[in-house]
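Peer 1: Please build the complex by placing chain B on the supplied structure of chain A, with the hints as guidance.
Chains as they are written, first to last, in our numbering: chain A, 10 to 137; chain B, 15 to 150.
Keep in mind that the hints were calculated from the coordinates and are not lab data. As the structure is a computational prediction, the values presented were derived from the model and not from experiment. Quick reminder that beta carbons are idealized off the backbone N, C-alpha and C, glycines included. Please note that a few of the clues may not be correct.
According to the in silico footprint, chain B covers these stretches of chain A (three or more CB under 8 Å from chain B) [claimed, not checked]:
1) 13 to 21
2) 33 to 39
3) 53 to 64
4) 73 to 79
5) 90 to 96
Residues on chain A that point at chain B, a partial pick, calculated with CB under 7 Å [to be verified]:
6) L26
7) E103
8) M117
9) V122
10) S127
Now the in silico label distances, taken between C-beta atoms and shown as ranges [stated by the list, open to error]:
11) B:V147 - A:G102: 18 to 24 Å
12) B:V42 - A:V97: 17 to 23 Å
13) A:G102 - B:A132: 34 to 40 Å
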Amino acid sequence: MIGAVSIGVAGGMLAGLVGVGGGVLFVPGLVVFLGLAQIDAGATSLVAVVLVGAVGGWRQRSYGNLRLRDGVALALFSPVGVVAGVLVAHAVGERALELSFAGVQLVMAAQLVRRIASDDRPSEASSG
Amino acid sequence: MTDHSRCGAPGVDDRAALLPPQLLRLAVIATAAGAFSALFGVGGGTLIVPLLVLWMGYGEREATGTSLAAIVGIAAVGAVAHGLYGNVHLLEGLLIGVPAVGGVIAGTALQQRVPERAVSAVFAVLLVASAVVLVL
Chain A
10 MIGAVSIGVA
20 GGMLAGLVGV
30 GGGVLFVPGL
40 VVFLGLAQID
50 AGATSLVAVV
60 LVGAVGGWRQ
70 RSYGNLRLRD
80 GVALALFSPV
90 GVVAGVLVAH
100 AVGERALELS
110 FAGVQLVMAA
120 QLVRRIASDD
130 RPSEASSG
Chain B
15 MTDHSRCGAP
25 GVDDRAALLP
35 PQLLRLAVIA
45 TAAGAFSALF
55 GVGGGTLIVP
65 LLVLWMGYGE
75 REATGTSLAA
85 IVGIAAVGAV
95 AHGLYGNVHL
105 LEGLLIGVPA
115 VGGVIAGTAL
125 QQRVPERAVS
135 AVFAVLLVAS
145 AVVLVL
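For reference, chain A alone in the conformation it holds in the complex (with noise of 0.2 Å):
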């Protein structure tokens, strides 16, 4: 219980500064802690990734960081996306989904080490 609130706050606060929903943290989390299946933590994990995205994206949008146009065409531009990813979800196995899952928090690993490394990047350089 403590460590399912815990992982909670520290993964709302990686979505806070990287701009990630936290589910990479979120489905461990919910598989250590409180037990569930792969499959059903990453079912599971989508329903705090909402509320995140959305306190997250209102206090960028404070902050001046939100283009809102192009946000709304992602979302409804993803629903063939999801399905697909739903549909894979469940042909491959427990294992399966468990080991790429790790893979993926170790690319997203090795993205944090790589925006460590590089400090100075352009980030001002926009306009369009």
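Peer 2: Frame of chain A, contents of chain B only:
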């Protein structure tokens, strides 16, 4: 190229002309992120943020904010689709999601003020650690 208005093969050409490449790029990003999201139970920001930066000329922070907004819709669609299979545990989702809301408010505030190095390092370690736990 002046005679582009011939109507020999309607549909494909016309649609390609009407569809701004930007919108097409968004559709590709959304499809990839949607599949990734539903498969792994994440929002898809891991894909969306870098693609917005590299492909659409977004700044890092703009990509972050826009990605978070997109994730709301993508994850909602995924939760409904998974829900139809009976895999969503709503109570457990809220048990993690509600504290996460506090975390995201702290995180976005920090992002505006703190150089992210130390925090990023902590999360990198956390991710590797939980990957190891999952595999074992």
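Peer 1: Hint by hint, say whether it matches the structure.
Peer 2: Hints and how they fare:
no., hint, in the structure
1, 13 to 21, "holds (count 9)"
2, 33 to 39, "holds (count 7)"
3, 53 to 64, "holds (count 12)"
4, 73 to 79, "holds (count 5)"
5, 90 to 96, "holds (count 6)"
6, L26, "holds, 5 Å"
7, E103, "violated, 11 Å"
8, M117, "holds, 6 Å"
9, V122, "holds, 5 Å"
10, S127, "violated, 11 Å"
11, B:V147 - A:G102: 18 to 24 Å, "holds, 19 Å"
12, B:V42 - A:V97: 17 to 23 Å, "holds, 18 Å"
13, A:G102 - B:A132: 34 to 40 Å, "holds, 38 Å"
Taken one by one, the earlier hints fail for this structure at numbers 7 and 10, listed in ascending order.
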